[in-house]
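These protein sequence lines map, in sequence, to chains A and B. The opening position of the first sequence corresponds to residue 0 in numbering that gives the first Met the number 0, with each subsequent residue numbered one higher. The opening position of the second sequence corresponds to residue 0 in numbering that gives the first Met the number 0, with each subsequent residue numbered one higher.
Because the hints were derived from the structure by calculation, they are not lab data. Treat the hints loosely; a few may be bogus.
Stated by the list, open to error - Have a look at the derived ranges for each label pair, beta carbon to beta carbon:
#, chain 1, residue 1, chain 2, residue 2, range
1, A, Ile-97, B, Trp-7, 40 to 46 Å
2, A, Met-100, B, Ile-137, 36 to 42 Å
3, B, Ala-115, A, Asp-98, 54 to 60 Å
4, B, Ser-108, A, Asp-98, 40 to 46 Å
5, A, Thr-94, B, Ser-124, 43 to 49 Å
6, A, Met-100, B, Ala-145, 44 to 50 Å
7, A, Ile-97, B, Ala-149, 21 to 27 Å
8, A, Glu-74, B, Ser-124, 42 to 48 Å
9, A, Met-100, B, Ile-103, 33 to 39 Å
10, A, Pro-55, B, Gly-63, 27 to 33 Å
11, A, Thr-94, B, Ala-15, 25 to 31 Å
12, B, Gln-112, A, Ser-84, 34 to 40 Å
Yeah, the Cβ is synthetic: ideal placement off N, Cα and C, and Gly gets one too.
If you want the building blocks of each chain, they are given just below.
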Amino acid sequence: MTVGLEHYLILSAVLFSIGLYGALAKRNAIVIMMCIEIMLNAVNIAMVALSRYITPALLTGQVFAIFIMVAAAAEAAVGLAIIISIYRNRETIETTDIDLMKG
Amino acid sequence: MGVDIAFWVLAVVGVAAALTVVLLRNVFRTALALILCLVTVAGIYITLSADFLAGVQILVYVGGISILVILAIMLTREVQRGSLSNKFRIPAFLVAVIFLGVMIYTMVSNPWQISAAPPLEPTTSALAGMLLGEGGFILAVEVAAALLLAAILGAIVLVREK
Numbered sequence: 000m001t002v003g004l005e006h007y008l009i010l011s012a013v014l015f016s017i018g019l020y021g022a023l024a025k026r027n028a029i030v031i032m033m034c035i036e037i038m039l040n041a042v043n044i045a046m047v048a049l050s051r052y053i054t055p056a057l058l059t060g061q062v063f064a065i066f067i068m069v070a071a072a073a074e075a076a077v078g079l080a081i082i083i084s085i086y087r088n089r090e091t092i093e094t095t096d097i098d099l100m101k102g
Numbered sequence: 000m001g002v003d004i005a006f007w008v009l010a011v012v013g014v015a016a017a018l019t020v021v022l023l024r025n026v027f028r029t030a031l032a033l034i035l036c037l038v039t040v041a042g043i044y045i046t047l048s049a050d051f052l053a054g055v056q057i058l059v060y061v062g063g064i065s066i067l068v069i070l071a072i073m074l075t076r077e078v079q080r081g082s083l084s085n086k087f088r089i090p091a092f093l094v095a096v097i098f099l100g101v102m103i104y105t106m107v108s109n110p111w112q113i114s115a116a117p118p119l120e121p122t123t124s125a126l127a128g129m130l131l132g133e134g135g136f137i138l139a140v141e142v143a144a145a146l147l148l149a150a151i152l153g154a155i156v157l158v159r160e161k
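With the rest of the complex left out, here is chain A (with noise of 0.2 Å):
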């Protein structure tokens, strides 16, 4: 059976449902944050594999790809440095813990 658009479609949803239940059930907010970038990562082989199948000639897809990565490592330089932040002033970074504004 050949690989073709389908097979790389559905690896994508795959791999985003798996960082969707990580994002969704962890607690220890590093590990969110590594579930985040494996849905980017999901995203981004989507786009790519439909730049490569349906314009393969345009490249647009990949274009968006890296714009992608850029956006995931401002976030993951300032995520971890509010999480760092955090870590400072209540020495935990369990998220069930930071409740400060929990009315």
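Based on these hints, arrange chain B on the given structure of chain A.
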């Protein structure tokens, strides 16, 4: 044929690594599994003949973001407590499974118009034309540079000693 085998191997290893990320308790091993998952995604890009993106994936994710994640784990002493689940574990699992089902149904039933043209190889010069050339994405490139600068300055301000 070789590309097909490479895809299946990379897909199985990548999904297994992603499952390891969400199932393991040890945070440090979770980070190592994440790095494996990112490397397999770079391999997937190579099977899609996106050579430049594969290089960028290795440089930015495997070289940069994974180091940041491991540094954050080291600085926060959360390795002992481990990666536990919160009380939304079963609803989150149901949401993920329903989402996966809807996505697979949509993707398989949609009539994609597959182009028969061969992919561009190598992609680096074509991507440079798209990003920096006339009628390209030059404004977005400039905004991305400003975004990265702002993010790095913000990160430095956030973690600075008072």
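Tested hints:
1. A:Ile-97 to B:Trp-7: 40 to 46 Å: 41 Å Cβ-Cβ, so the 40 to 46 Å window holds.
2. A:Met-100 to B:Ile-137: 36 to 42 Å: Hint holds: Cβ distance 41 Å, inside 36 to 42 Å.
3. B:Ala-115 to A:Asp-98: 54 to 60 Å: holds (56 Å)
4. B:Ser-108 to A:Asp-98: 40 to 46 Å: holds (43 Å)
5. A:Thr-94 to B:Ser-124: 43 to 49 Å: Taking Cβ atoms as reference, A:Thr-94 and B:Ser-124 lie about 45 Å apart, which means the hint holds.
6. A:Met-100 to B:Ala-145: 44 to 50 Å: violated (30 Å)
7. A:Ile-97 to B:Ala-149: 21 to 27 Å: Between A:Ile-97 and B:Ala-149, where Cβ atoms are some 25 Å apart, the hint holds.
8. A:Glu-74 to B:Ser-124: 42 to 48 Å: violated (29 Å)
9. A:Met-100 to B:Ile-103: 33 to 39 Å: For B:Ile-103 against A:Met-100, whose Cβ atoms are near 37 Å apart, the range 33 to 39 Å holds.
10. A:Pro-55 to B:Gly-63: 27 to 33 Å: Since the Cβ atoms of A:Pro-55 and B:Gly-63 sit about 29 Å apart, the hinted range of 27 to 33 Å holds.
11. A:Thr-94 to B:Ala-15: 25 to 31 Å: holds (26 Å)
12. B:Gln-112 to A:Ser-84: 34 to 40 Å: About 49 Å separates the Cβ atoms of B:Gln-112 and A:Ser-84, which means 34 to 40 Å is violated.
In this structure, the hints that do not hold are numbers 6, 8, 12, in rising order.
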